[in-house]
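In this text, residue positions in the sequence shown follow numbering that gives the first Met the number 0: the first is 0, and each later residue adds one.
Hints listed in this document are in silico derivations from the structure and should not be mistaken for laboratory results.
Be careful, since some hints might not be right.
Beta-carbon label-pair distances, calculated as ranges [claimed, not checked]: (1) GLY270 x LEU114: 54 to 62 angstroms; (2) GLY51 x LEU122: 25 to 33 angstroms; (3) LEU122 x VAL88: 25 to 33 angstroms; (4) ALA272 x GLU37: 36 to 44 angstroms; (5) SER108 x GLU133: 23 to 31 angstroms; (6) ASP149 x VAL13: 46 to 54 angstroms; (7) LEU151 x ALA298: 47 to 55 angstroms; (8) GLY51 x LYS139: 19 to 27 angstroms; (9) GLY51 x ASP265: 16 to 24 angstroms; (10) SER194 x GLY293: 20 to 28 angstroms; (11) GLU2 x ARG36: 52 to 60 angstroms.
Don't be surprised by glycine CBs; every beta carbon is placed ideally from N, CA and C.
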Amino acid sequence: MTEPAIRIDSLRKVFRARERGAGLRGAARSLIRPVHREVVAVDRISFSIEPGERVAFVGPNGAGKSTTIKMLSGILQPDSGDVRVLGLVPWKERQRLGFRIGTVFGQRSQLWYHLPARDAFELLARIYELEPNEYRERLKSLIEAFDVGDLLDRPVRQLSLGQRMRCEIVASLLHRPEILFLDEPTIGLDVTAKSVIRDLVRDAAERDGSTVLLTSHDTGDMERVCDRVIVINEGRLILDCPVRDLRTEFIRRKMVTLLTAEEHVDLQLEGTAVVERAPYRTVLEIDTRRAAVGEVVQAALARTTLRDLTVEDPPLEEIVQEIYHNRDHWREAGPS
């Protein structure tokens, strides 16, 4: 039987936070007699990920996503529980593990701000002990896949955020990692850049057979890159299922924004609620159990001329809260 790429059993991490007293007198008292409180970042979560799986690890801010990634990559040591990544204990065997994993943190760069990306790639090749020929062949294939040939000799500071992120991912893939940890890789990117990054990550993982664990607030990242989703909230695992089940079971609403040729139009339609109305603009919330988006759009077209329309899922935080309130619907966390 194949050993999981990642196995977590009752993982827990607690941070101590100093409490500051109110007012000047309270602040002074806190300096003399500091009071600390415990903040449970990760609360006894358990799951496993098989080799080659692409898993989204999602939840609202403060849910424990980044803390978990840092424990899996060996940056943090858990307070209790057991972790195995490629059969290794991350914080005990961090150097060995580092040769077999790649990490991308959306808000932290592994490139040098004033130097060209090529210089960073060459240094990383030495760190990972790649043979010169192996490095050249690997870099050539990644340059073609990620279309970064014209970016390599420009200082990183001159790159757009989307261009830099493409170079960041190339850097993380140079040594053919068996697992790729992606922490908010599309944060701050525009719609086009997000789409490019998602497709590149998915294609690279499929090509190399890599395992992917991706944290994100963006449902687009989850749907375009991953096949499975693990949801945590307040440090606890509350759902583990295929991405397709998340959509069919919990995303039961769509937000449709209609820009109309007429200033005011009555667009109260079956299965919808008007949540915002302004001149030439109406926002509808569609209950997808009662009405399909296409049917609503067709009904709107019968009443007015549309200049534009957008269709969006509700924010991930709302979906997570709905999952949390309905967690008893799922008998046991685990992919079907």
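Against the structure, the hints:
1. Range check, GLY270 to LEU114: Cβ separation about 56 angstroms, and the 54 to 62 angstroms hint holds.
2. At about 29 angstroms, the beta-carbon gap between GLY51 and LEU122 stays in the expected band of 25 to 33 angstroms.
3. Between LEU122 and VAL88 the Cβ separation comes to about 27 angstroms, which falls inside the hinted range of 25 to 33 angstroms.
4. The supplied range of 36 to 44 angstroms is met by ALA272 and GLU37, whose beta-carbon atoms lie about 43 angstroms from each other.
5. A C-beta distance of roughly 25 angstroms is found between SER108 and GLU133, which places it inside the suggested range of 23 to 31 angstroms.
6. A hinted range of 46 to 54 angstroms for the beta carbons of ASP149 and VAL13 is consistent with their spacing of about 47 angstroms.
7. Evaluation of the 47 to 55 angstroms hint for LEU151 and ALA298 yields a pass: the beta carbon distance comes to about 52 angstroms.
8. For GLY51 paired with LYS139, a C-beta distance near 24 angstroms keeps the hint of 19 to 27 angstroms intact.
9. For GLY51 paired with ASP265, a C-beta distance near 52 angstroms fails the hint of 16 to 24 angstroms.
10. Between SER194 and GLY293 the CB atoms are about 22 angstroms apart, so this pair conforms to the stated range of 20 to 28 angstroms.
11. Look at GLU2 against ARG36: about 39 angstroms separates their beta carbons, and that is not inside 52 to 60 angstroms.
Consistency note: the structure conflicts with the earlier hints numbered 9, 11.
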